[in-house]
Amino acid sequence: MPQVSRTRLLARVVKAWWRRFNKRMNSTATDVPGLENVDRVHWLKAEDGARLRVFEVAGAGTKTGRGEASPTSSAAVTIVYAHGFTLSAQSWCFQVDALRGESRVARQLIPDLRGHAGSAGGDEAAQTEVELGVDLTARDFVQMIRELAPGEKVVLVGHSLGVMTVLGALRHMTDAERQLVQGIVLANGAVDPFAARGVPRLLHLLPIRTMRAVGRNTPRFAEGFKGKVEWLIKPVIAAAVYYSSLEHGKSARYDVVDFHAQEIEDVPMRTILGYLEDLTNHDERDCVPFLKHIPGVILAGNNDAVATVEQSRVLVQQWPSAELREYDEAGHMLPVERPEDVNRAIRQLL
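Residue numbers (our numbering): 29 to 378.
Simulated from the structure, these hints should not be mistaken for laboratory data.
Owing to the predicted nature of the structure, the values given are computational and were not obtained by experimental measurement.
Using N, Cα and C, we set each Cβ at its ideal position, and we do this for glycine too.
It is possible that part of the hints are untrue.
[To be verified] Each computed DSS-like pair below joins lysine-lysine, with the alpha-carbon atoms no more than 30 Å apart: (1) Lys-181 / Lys-278; (2) Lys-278 / Lys-73; (3) Lys-181 / Lys-73.
[Unchecked claim] Label pairs and their in silico Cβ distance ranges: (4) Glu-64 / Arg-375: 30 to 40 Å; (5) Gln-290 / Pro-178: 16 to 26 Å; (6) Arg-199 / Pro-348: 37 to 47 Å; (7) Gln-376 / Glu-64: 20 to 30 Å.
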(Lines of atoms letter the chains of each structure in order from A and count residues from 1; the text may use other names and numbers.)
(Lines give C-alpha, C1' and ligand atoms only; values in the text may rest on other atoms or scores of the structure.)
Protein backbone atom coordinates (compact mmCIF):
# COMPACT_ATOMS: atom_id res chain seq x y z
CA MET A 1 0.00 0.00 0.00
CA PRO A 2 1.66 3.30 -1.05
CA GLN A 3 2.00 6.00 1.56
CA VAL A 4 -0.50 8.82 1.51
CA SER A 5 1.18 11.84 -0.10
CA ARG A 6 1.12 15.27 1.51
CA THR A 7 -0.93 16.55 -1.44
CA ARG A 8 -3.59 13.90 -0.91
CA LEU A 9 -3.64 14.65 2.80
CA LEU A 10 -4.12 18.37 2.13
CA ALA A 11 -6.93 17.52 -0.28
CA ARG A 12 -8.60 15.52 2.47
CA VAL A 13 -8.22 18.48 4.84
CA VAL A 14 -10.05 20.75 2.41
CA LYS A 15 -12.73 18.13 1.85
CA ALA A 16 -13.19 17.62 5.61
CA TRP A 17 -13.45 21.38 6.20
CA TRP A 18 -16.04 21.78 3.42
CA ARG A 19 -18.07 18.83 4.71
CA ARG A 20 -18.11 20.30 8.23
CA PHE A 21 -19.11 23.73 6.88
CA ASN A 22 -22.00 22.30 4.87
CA LYS A 23 -23.12 20.18 7.78
CA ARG A 24 -23.32 23.20 10.07
CA MET A 25 -25.18 25.24 7.46
CA ASN A 26 -27.76 22.48 7.07
CA SER A 27 -27.99 21.86 10.84
CA THR A 28 -27.67 18.08 10.51
CA ALA A 29 -25.25 17.51 13.39
CA THR A 30 -26.01 14.52 15.59
CA ASP A 31 -25.15 13.75 19.19
CA VAL A 32 -21.60 13.00 20.21
CA PRO A 33 -20.80 9.77 22.09
CA GLY A 34 -19.33 9.44 25.59
CA LEU A 35 -18.99 7.21 28.64
CA GLU A 36 -22.27 6.54 30.44
CA ASN A 37 -23.22 4.97 33.78
CA VAL A 38 -19.74 5.10 35.28
CA ASP A 39 -19.64 3.31 38.65
CA ARG A 40 -16.65 5.01 40.23
CA VAL A 41 -14.08 7.71 39.52
CA HIS A 42 -10.62 7.22 41.00
CA TRP A 43 -8.02 9.94 41.48
CA LEU A 44 -4.44 8.71 41.63
CA LYS A 45 -1.21 10.57 42.27
CA ALA A 46 1.77 9.57 40.14
CA GLU A 47 5.29 9.40 41.55
CA ASP A 48 6.11 12.85 40.16
CA GLY A 49 2.91 14.37 41.54
CA ALA A 50 0.79 14.23 38.37
CA ARG A 51 -2.92 13.81 39.14
CA LEU A 52 -4.58 11.03 37.16
CA ARG A 53 -8.28 10.36 36.66
CA VAL A 54 -9.52 6.80 36.13
CA PHE A 55 -13.10 5.75 35.40
CA GLU A 56 -14.34 2.36 36.57
CA VAL A 57 -17.29 0.49 35.09
CA ALA A 58 -18.43 -2.76 36.71
CA GLY A 59 -18.92 -5.79 34.50
CA ALA A 60 -21.45 -8.59 34.76
CA GLY A 61 -18.72 -10.73 36.33
CA THR A 62 -18.59 -8.47 39.40
CA LYS A 63 -20.22 -8.70 42.78
CA THR A 64 -20.56 -5.47 44.73
CA GLY A 65 -20.65 -5.03 48.45
CA ARG A 66 -19.85 -2.23 50.90
CA GLY A 67 -18.84 0.04 48.06
CA GLU A 68 -16.24 -2.37 46.72
CA ALA A 69 -16.31 -4.58 43.63
CA SER A 70 -14.68 -7.98 43.17
CA PRO A 71 -14.79 -10.71 40.51
CA THR A 72 -17.52 -13.33 40.96
CA SER A 73 -15.25 -15.93 39.42
CA SER A 74 -11.52 -16.46 39.01
CA ALA A 75 -12.12 -16.52 35.24
CA ALA A 76 -13.40 -12.92 35.13
CA VAL A 77 -10.86 -10.36 33.92
CA THR A 78 -10.40 -6.63 34.24
CA ILE A 79 -10.10 -4.73 30.97
CA VAL A 80 -7.69 -1.80 31.13
CA TYR A 81 -7.69 0.80 28.33
CA ALA A 82 -5.17 3.38 27.10
CA HIS A 83 -6.51 6.02 24.70
CA GLY A 84 -4.90 7.88 21.82
CA PHE A 85 -3.17 11.23 21.50
CA THR A 86 -5.46 14.27 22.03
CA LEU A 87 -8.27 11.92 23.11
CA SER A 88 -9.49 10.80 26.54
CA ALA A 89 -11.20 7.94 28.33
CA GLN A 90 -14.39 8.99 26.51
CA SER A 91 -13.01 7.60 23.24
CA TRP A 92 -13.58 4.04 24.53
CA CYS A 93 -17.29 4.61 25.08
CA PHE A 94 -18.43 2.11 22.42
CA GLN A 95 -16.21 -0.65 23.81
CA VAL A 96 -17.07 0.00 27.46
CA ASP A 97 -20.80 0.01 26.75
CA ALA A 98 -20.67 -3.16 24.67
CA LEU A 99 -18.61 -5.14 27.19
CA ARG A 100 -20.22 -4.09 30.46
CA GLY A 101 -22.68 -6.98 30.16
CA GLU A 102 -20.08 -9.68 29.59
CA SER A 103 -20.02 -12.32 32.32
CA ARG A 104 -16.29 -12.76 31.77
CA VAL A 105 -15.62 -9.09 32.61
CA ALA A 106 -15.10 -8.19 36.25
CA ARG A 107 -14.74 -4.49 35.53
CA GLN A 108 -13.25 -1.97 33.14
CA LEU A 109 -10.68 0.70 34.03
CA ILE A 110 -10.53 3.67 31.66
CA PRO A 111 -7.93 6.33 32.49
CA ASP A 112 -7.30 9.77 31.10
CA LEU A 113 -3.60 9.58 30.26
CA ARG A 114 -1.46 12.31 31.80
CA GLY A 115 -1.91 15.69 30.15
CA HIS A 116 -5.34 14.74 28.78
CA ALA A 117 -8.86 15.62 30.01
CA GLY A 118 -9.17 15.03 33.77
CA SER A 119 -5.47 14.19 34.01
CA ALA A 120 -4.38 17.47 32.43
CA GLY A 121 -3.73 19.13 35.79
CA GLY A 122 -5.55 22.03 37.35
CA ASP A 123 -4.21 25.54 36.94
CA GLU A 124 -1.51 26.63 34.52
CA ALA A 125 1.23 26.24 37.12
CA ALA A 126 0.26 22.63 37.81
CA GLN A 127 0.30 21.80 34.12
CA THR A 128 3.73 23.35 33.70
CA GLU A 129 5.23 21.27 36.51
CA VAL A 130 4.05 17.89 35.21
CA GLU A 131 6.36 16.19 32.73
CA LEU A 132 4.91 14.59 29.60
CA GLY A 133 6.04 11.62 27.55
CA VAL A 134 5.18 8.11 26.43
CA ASP A 135 7.36 6.37 29.00
CA LEU A 136 5.64 8.33 31.77
CA THR A 137 2.20 7.22 30.56
CA ALA A 138 3.49 3.63 30.68
CA ARG A 139 4.66 4.07 34.27
CA ASP A 140 1.29 5.63 35.19
CA PHE A 141 -0.49 2.69 33.55
CA VAL A 142 1.41 0.14 35.67
CA GLN A 143 0.82 2.18 38.83
CA MET A 144 -2.91 2.28 38.07
CA ILE A 145 -3.06 -1.52 37.74
CA ARG A 146 -1.09 -2.01 40.95
CA GLU A 147 -3.37 0.30 42.91
CA LEU A 148 -6.77 -0.54 41.41
CA ALA A 149 -6.42 -4.13 40.16
CA PRO A 150 -3.65 -5.80 42.17
CA GLY A 151 -3.35 -9.51 41.48
CA GLU A 152 -6.19 -9.48 38.94
CA LYS A 153 -6.14 -11.02 35.49
CA VAL A 154 -6.18 -8.22 32.91
CA VAL A 155 -6.72 -7.66 29.22
CA LEU A 156 -4.91 -4.55 27.99
CA VAL A 157 -6.33 -2.44 25.17
CA GLY A 158 -4.42 0.41 23.53
CA HIS A 159 -5.04 2.85 20.70
CA SER A 160 -2.38 5.02 19.01
CA LEU A 161 -0.45 6.69 21.87
CA GLY A 162 -2.13 4.05 24.04
CA VAL A 163 -0.44 1.29 22.03
CA MET A 164 2.99 2.53 23.06
CA THR A 165 1.67 3.05 26.59
CA VAL A 166 0.59 -0.60 26.82
CA LEU A 167 3.83 -1.86 25.27
CA GLY A 168 5.89 0.32 27.58
CA ALA A 169 3.89 -0.92 30.57
CA LEU A 170 5.08 -4.47 29.86
CA ARG A 171 8.67 -3.27 30.32
CA HIS A 172 7.85 -1.76 33.70
CA MET A 173 5.89 -4.75 35.03
CA THR A 174 7.38 -7.51 37.13
CA ASP A 175 7.38 -11.08 35.81
CA ALA A 176 4.48 -11.89 38.12
CA GLU A 177 2.45 -8.94 36.81
CA ARG A 178 3.11 -9.89 33.17
CA GLN A 179 1.82 -13.40 33.89
CA LEU A 180 -1.55 -11.87 34.79
CA VAL A 181 -1.90 -10.29 31.32
CA GLN A 182 -4.38 -12.59 29.56
CA GLY A 183 -4.33 -10.76 26.25
CA ILE A 184 -3.59 -7.49 24.47
CA VAL A 185 -5.53 -5.63 21.77
CA LEU A 186 -3.62 -2.91 19.90
CA ALA A 187 -5.37 -0.59 17.44
CA ASN A 188 -3.63 1.85 15.07
CA GLY A 189 -0.22 1.62 16.66
CA ALA A 190 3.41 0.67 16.22
CA VAL A 191 6.36 -0.77 18.08
CA ASP A 192 8.87 1.32 16.12
CA PRO A 193 8.80 5.15 16.11
CA PHE A 194 5.81 6.71 14.37
CA ALA A 195 8.34 8.96 12.62
CA ALA A 196 9.43 5.96 10.57
CA ARG A 197 6.22 6.13 8.55
CA GLY A 198 3.21 8.34 9.08
CA VAL A 199 3.43 11.13 11.66
CA PRO A 200 5.79 13.46 9.68
CA ARG A 201 3.01 14.12 7.17
CA LEU A 202 0.88 15.46 10.00
CA LEU A 203 3.71 17.37 11.69
CA HIS A 204 4.70 19.18 8.50
CA LEU A 205 1.27 20.50 7.60
CA LEU A 206 1.35 24.32 7.86
CA PRO A 207 -1.18 24.75 10.73
CA ILE A 208 0.62 22.17 12.86
CA ARG A 209 4.08 23.61 12.08
CA THR A 210 2.85 27.07 13.02
CA MET A 211 1.28 25.82 16.24
CA ARG A 212 4.51 24.05 17.24
CA ALA A 213 6.62 27.13 16.51
CA VAL A 214 4.36 29.39 18.57
CA GLY A 215 4.39 26.90 21.44
CA ARG A 216 8.17 26.71 21.51
CA ASN A 217 8.78 30.46 21.29
CA THR A 218 5.89 31.90 23.30
CA PRO A 219 4.27 29.19 25.45
CA ARG A 220 1.87 31.54 27.23
CA PHE A 221 0.55 32.86 23.94
CA ALA A 222 0.25 29.35 22.51
CA GLU A 223 -3.01 28.41 24.24
CA GLY A 224 -4.77 31.52 22.92
CA PHE A 225 -3.32 30.92 19.48
CA LYS A 226 -4.70 27.38 19.51
CA GLY A 227 -8.19 28.77 20.05
CA LYS A 228 -7.77 31.18 17.13
CA VAL A 229 -6.84 28.46 14.63
CA GLU A 230 -8.96 25.57 15.91
CA TRP A 231 -11.40 26.10 13.05
CA LEU A 232 -8.54 24.96 10.79
CA ILE A 233 -6.75 22.51 13.10
CA LYS A 234 -9.86 20.41 13.66
CA PRO A 235 -10.43 19.47 10.02
CA VAL A 236 -6.67 18.96 9.62
CA ILE A 237 -6.70 16.37 12.40
CA ALA A 238 -9.98 14.84 11.22
CA ALA A 239 -8.72 14.47 7.66
CA ALA A 240 -5.46 12.96 8.87
CA VAL A 241 -7.00 10.32 11.14
CA TYR A 242 -10.36 9.41 9.59
CA TYR A 243 -10.92 7.78 6.25
CA SER A 244 -14.18 5.86 6.17
CA SER A 245 -17.68 7.29 5.82
CA LEU A 246 -18.24 6.35 9.49
CA GLU A 247 -21.24 4.22 8.66
CA HIS A 248 -20.11 1.10 10.49
CA GLY A 249 -22.37 -0.03 13.34
CA LYS A 250 -23.10 2.11 16.36
CA SER A 251 -20.79 4.96 15.35
CA ALA A 252 -23.13 5.79 12.47
CA ARG A 253 -25.59 7.23 15.01
CA TYR A 254 -23.13 9.82 16.28
CA ASP A 255 -21.04 12.69 14.97
CA VAL A 256 -17.71 11.13 15.88
CA VAL A 257 -15.69 13.73 13.96
CA ASP A 258 -17.28 16.46 16.07
CA PHE A 259 -16.62 14.30 19.13
CA HIS A 260 -12.93 14.16 18.21
CA ALA A 261 -12.89 17.92 17.58
CA GLN A 262 -14.27 18.50 21.08
CA GLU A 263 -11.63 16.20 22.53
CA ILE A 264 -8.89 18.20 20.80
CA GLU A 265 -10.41 21.46 22.03
CA ASP A 266 -10.12 20.22 25.63
CA VAL A 267 -6.43 19.29 25.33
CA PRO A 268 -4.00 21.98 26.55
CA MET A 269 -1.51 23.26 24.00
CA ARG A 270 1.34 22.12 26.24
CA THR A 271 0.07 18.53 26.01
CA ILE A 272 -0.18 18.65 22.22
CA LEU A 273 3.35 19.98 21.85
CA GLY A 274 4.76 17.80 24.61
CA TYR A 275 3.65 14.55 23.01
CA LEU A 276 4.11 15.41 19.31
CA GLU A 277 7.88 15.41 19.55
CA ASP A 278 7.99 12.25 21.68
CA LEU A 279 5.69 10.33 19.35
CA THR A 280 8.11 10.85 16.47
CA ASN A 281 11.04 9.33 18.37
CA HIS A 282 9.73 6.92 20.99
CA ASP A 283 10.69 3.31 20.35
CA GLU A 284 9.18 0.27 22.11
CA ARG A 285 11.10 -2.50 20.35
CA ASP A 286 12.66 -3.46 23.69
CA CYS A 287 9.24 -4.75 24.82
CA VAL A 288 9.03 -7.39 22.06
CA PRO A 289 10.49 -10.26 24.17
CA PHE A 290 7.73 -9.72 26.74
CA LEU A 291 5.01 -10.23 24.10
CA LYS A 292 6.14 -13.73 23.16
CA HIS A 293 3.60 -15.79 25.13
CA ILE A 294 0.75 -13.26 25.40
CA PRO A 295 -2.21 -13.73 23.00
CA GLY A 296 -2.94 -10.62 21.02
CA VAL A 297 -4.92 -8.98 18.24
CA ILE A 298 -3.49 -6.13 16.18
CA LEU A 299 -5.99 -3.93 14.33
CA ALA A 300 -4.97 -1.66 11.46
CA GLY A 301 -6.70 0.66 9.02
CA ASN A 302 -5.37 0.30 5.49
CA ASN A 303 -5.70 4.07 5.05
CA ASP A 304 -4.16 5.08 8.37
CA ALA A 305 -1.88 8.04 7.57
CA VAL A 306 -0.51 8.31 11.13
CA ALA A 307 0.48 4.75 12.11
CA THR A 308 0.56 2.94 8.80
CA VAL A 309 -0.55 -0.63 8.21
CA GLU A 310 3.04 -1.50 7.35
CA GLN A 311 3.98 -0.78 10.98
CA SER A 312 1.33 -3.24 12.19
CA ARG A 313 2.71 -5.84 9.79
CA VAL A 314 6.17 -5.34 11.27
CA LEU A 315 4.78 -5.83 14.78
CA VAL A 316 2.90 -9.05 14.02
CA GLN A 317 6.06 -10.55 12.54
CA GLN A 318 7.73 -10.06 15.92
CA TRP A 319 4.75 -11.25 17.96
CA PRO A 320 4.04 -14.91 17.06
CA SER A 321 1.05 -15.28 19.39
CA ALA A 322 -0.83 -12.35 17.81
CA GLU A 323 -2.97 -12.03 14.69
CA LEU A 324 -3.33 -9.00 12.46
CA ARG A 325 -6.66 -7.75 11.13
CA GLU A 326 -6.65 -5.09 8.44
CA TYR A 327 -9.66 -2.98 7.52
CA ASP A 328 -10.21 -1.36 4.15
CA GLU A 329 -11.72 2.12 4.05
CA ALA A 330 -10.57 2.74 7.64
CA GLY A 331 -8.12 5.24 9.09
CA HIS A 332 -6.49 5.99 12.45
CA MET A 333 -9.59 5.92 14.68
CA LEU A 334 -10.74 2.29 14.66
CA PRO A 335 -12.34 2.40 18.16
CA VAL A 336 -14.94 4.83 16.78
CA GLU A 337 -14.66 4.11 13.05
CA ARG A 338 -15.12 0.34 13.44
CA PRO A 339 -16.30 -0.12 17.06
CA GLU A 340 -17.87 -3.54 16.60
CA ASP A 341 -14.64 -4.93 15.15
CA VAL A 342 -12.67 -3.64 18.13
CA ASN A 343 -15.29 -5.10 20.48
CA ARG A 344 -14.97 -8.51 18.83
CA ALA A 345 -11.20 -8.45 19.20
CA ILE A 346 -11.49 -7.76 22.93
CA ARG A 347 -14.12 -10.46 23.44
CA GLN A 348 -11.85 -12.97 21.73
CA LEU A 349 -9.26 -12.53 24.49
CA LEU A 350 -11.59 -12.69 27.50
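Now for the hints, and whether the structure bears them out:
| no. | hint | in the structure |
| --- | --- | --- |
| 1 | Lys-181 / Lys-278 | holds, 29 Å |
| 2 | Lys-278 / Lys-73 | violated, 35 Å |
| 3 | Lys-181 / Lys-73 | holds, 23 Å |
| 4 | Glu-64 / Arg-375: 30 to 40 Å | violated, 20 Å |
| 5 | Gln-290 / Pro-178: 16 to 26 Å | violated, 34 Å |
| 6 | Arg-199 / Pro-348: 37 to 47 Å | violated, 19 Å |
| 7 | Gln-376 / Glu-64: 20 to 30 Å | holds, 24 Å |
Comparing the model with each numbered hint stated earlier shows that hints 2, 4, 5 and 6 do not hold.
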